[in-house]
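Chemist: Next come the chains, spelled out residue by residue.
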Amino acid sequence: MEGIWKKKDLLSLYDLSPEEITYILDTAEEFKKVSQRKVKKVPALRGKTVVNLFVEPSTRTRMSFELAEQRLSADIINISAETSSLKKGETLLDTAKNIEALQVDLIVIRHSAPRAPNFLAKRLKAGILNAGDGSHSHPTQALLDIFTIREKKGKIKGLNVSIVGDILHSRVARSNIWGLLKLGANVTIAGPSTLVPREFTQIGVRVCDNLRDALEGADVINLLRIQHERQQASYFPSISEYTNIFGLNKESMRYVKPDALIMHPGPINRGVELDSSIADGPQSVILEQVTNGLAIRMAALFLVAGCLKGRDTSQ
Amino acid sequence: METASSRTLLFDKALMDTAILSVAQSIVSEYSPKDIPRLAFIGIQLRGVPFTERLVKIIGKLTESTPEIGTLDITMYRDDIGMRKALPVIYETKIPFDINDRIIILVDDVLHTGRTIRAALDAITDYGRPSYIKLAALIDRGMREFPITADYVGKTCILSGEKRIRVSWTETDDEDAVYQIEKKTQGTK
Numbered sequence: 085m086e087g088i089w090k091k092k093d094l095l096s097l098y099d100l101s102p103e104e105i106t107y108i109l110d111t112a113e114e115f116k117k118v119s120q121r122k123v124k125k126v127p128a129l130r131g132k133t134v135v136n137l138f139v140e141p142s143t144r145t146r147m148s149f150e151l152a153e154q155r156l157s158a159d160i161i162n163i164s165a166e167t168s169s170l171k172k173g174e175t176l177l178d179t180a181k182n183i184e185a186l187q188v189d190l191i192v193i194r195h196s197a198p199r200a201p202n203f204l205a206k207r208l209k210a211g212i213l214n215a216g217d218g219s220h221s222h223p224t225q226a227l228l229d230i231f232t233i234r235e236k237k238g239k240i241k242g243l244n245v246s247i248v249g250d251i252l253h254s255r256v257a258r259s260n261i262w263g264l265l266k267l268g269a270n271v272t273i274a275g276p277s278t279l280v281p282r283e284f285t286q287i288g289v290r291v292c293d294n295l296r297d298a299l300e301g302a303d304v305i306n307l308l309r310i311q312h313e314r315q316q317a318s319y320f321p322s323i324s325e326y327t328n329i330f331g332l333n334k335e336s337m338r339y340v341k342p343d344a345l346i347m348h349p350g351p352i353n354r355g356v357e358l359d360s361s362i363a364d365g366p367q368s369v370i371l372e373q374v375t376n377g378l379a380i381r382m383a384a385l386f387l388v389a390g391c392l393k394g395r396d397t398s399q
Numbered sequence: 122m123e124t125a126s127s128r129t130l131l132f133d134k135a136l137m138d139t140a141i142l143s144v145a146q147s148i149v150s151e152y153s154p155k156d157i158p159r160l161a162f163i164g165i166q167l168r169g170v171p172f173t174e175r176l177v178k179i180i181g182k183l184t185e186s187t188p189e190i191g192t193l194d195i196t197m198y199r200d201d202i203g204m205r206k207a208l209p210v211i212y213e214t215k216i217p218f219d220i221n222d223r224i225i226i227l228v229d230d231v232l233h234t235g236r237t238i239r240a241a242l243d244a245i246t247d248y249g250r251p252s253y254i255k256l257a258a259l260i261d262r263g264m265r266e267f268p269i270t271a272d273y274v275g276k277t278c279i280l281s282g283e284k285r286i287r288v289s290w291t292e293t294d295d296e297d298a299v300y301q302i303e304k305k306t307q308g309t310k
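Protein sequence lines, in the order shown, are assigned to chains V and X.
As numbered in the working numbering, residues 85 to 399 make up the first sequence, in order.
As numbered in the working numbering, residues 122 to 310 make up the second sequence, in order.
Hint data in this document are derived by calculation from the structure and do not stem from the laboratory.
One or more of the hints may lead you astray.
To be verified - The list that follows gives simulated cross-link-like pairs (lysine to any residue, SDA-like), each with its CA atoms no further than 25 Å apart:
id	chain 1	residue 1	chain 2	residue 2
1	V	K236	X	E213
2	V	K237	X	K215
3	X	K284	X	A135
The structure presented is a predicted model; accordingly, all values stated were derived computationally and were not measured.
All chains, full assembly: derive it from the sequences and hints.
Modeler: As structure tokens, this is what we get:
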């Protein structure tokens with residue numbers, strides 16, 4: 085039976101239907117099993133070339149994508165900002181066109197400019213996967229979060245999911261909000277009022293000013309990293325004040341349901357947004373998120389590669 | 122998609138049952154009682170799976186044993202990824218037993234080009250090293266593109282390239298029947 089995935093790019097969950105999101109999650113379940121076998125590799129992307137164009141630094145997303153590509157038998161080239169010609173003043177489009185001239189099939193891009201992946205997707209025949217673009221979108225992170233929730237809770241619809249922290253700068257929050265709302269979850273956001281845009285209420289998100297309201301009744305609590313590198317201005321007085329008011333610690337855990345999942349996209353600032361004992365505690369699924377990220381990226385690469393008909397030069 | 126008018130009934134349920142029984146009997150007759158416990162069956166998704174279940178039920182009765190069953194989806198092992206409009210849905214692969222040193226009976230509903238079997242062999246060997254892999258097909262419709270042949274065949278029915286065979290199972294399609302379908306769109310098997 086033919087699948088419903090027909091897109092050559094994965095840019096944002098905002099662009100996807102609930103069915104398409106569910107289809108990626110279902111596909112990822114089979115890819116998760118590949119990593120549990122003795123032979124952790126399938127020939128699905130044999131003969132395909134993938135370029136990881138990381139104009140903004142990344143360790144875990146890049147490693148996850150790279151491993152996913154290897155487990156699909158693709159050939160890989162890594163380009164990072166420090167070593168690329170972008171440093172010499174080449175435009176992003178020129179860099180990408182040069183990559184494409186080498187008959188590359190897929191480009192995984194991370195960029196600080198929102199919609200940089202959309203810009204390339206429109207202009208290139210290669211499939212584009214967004215690995216994070218500024219504060220806009222990080223679809224594979226949201227998909228792995230939703231996959232983890234679905235795996236643990238058996239469903240998404242009707243669940244109460246609270247996202248706590250710097251929502252304003254967070255592509256992870258935006259992608260999660262779009263994906264979760266499309267699948268029928270109730271989404272709450274909380275954090276310092278300077279970092280929690282009120283506009284989100286317009287799309288059906290509940291906004292909380294205090295942590296307790298966000299924790300009580302939540303089935304899932306997704307804590308975001310306080311992003312020092314994105315805060316030129318002061319959005320809150322001090323890190324210690326943030327920790328006191330919005331950090332999840334033993335004290336605030338009293339409001340958390342005993343079966344609620346504690347999630348974090350990493351890297352964790354231990355003792356800032358999340359207490360160590362909770363990060364390592366029984367409700368934490370943080371490392372499972374990492375494991376599932378690999379499966380999601382394998383599924384995403386596979387589905388996108390399956391829709392590159394017409395650009396196969398050997399045919 | 123095919124329309125109802127473009128299909129002709131080839132086999133009804135009774136003929137299918139006969140074919141399944143004959144495959145089961147030829148498998149059982151080939152192995153000594155000592156080797157029967159080494160048999161394990163892997164059905165190729167989607168319509169090889171109900172065939173496997175039926176087959177194993179009969180073989181279990183004939184040999185007074187309960188052979189192990191697995192399912193295999195070959196989509197990740199296809200040789201035409203990126204050459205189609207869209208990829209097929211990936212169904213569950215579940216091989217809940219050690220395949221090393223076993224006699225694996227690979228099971229599919231229709232044997233056609235042999236490409237599915239080529240992919241299945243690659244997939245199975247990623248799970249281990251069976252002593253033997255044998256192939257059982259309910260229908261061999263000919264038109265091979267690879268040098269692959271089945272060890273156990275229910276019915277042989279050579280059709281031209283424009284025609285397709287569609288095996289329906291109550292489990293997946295609400296009835297037991299085999300149809301011949303006039304190909305209208307570019308299909309693959």
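Chemist: So which hints don't hold here, by number, going up?
Modeler: Violated hints: none at all, because every hint is consistent with the structure.
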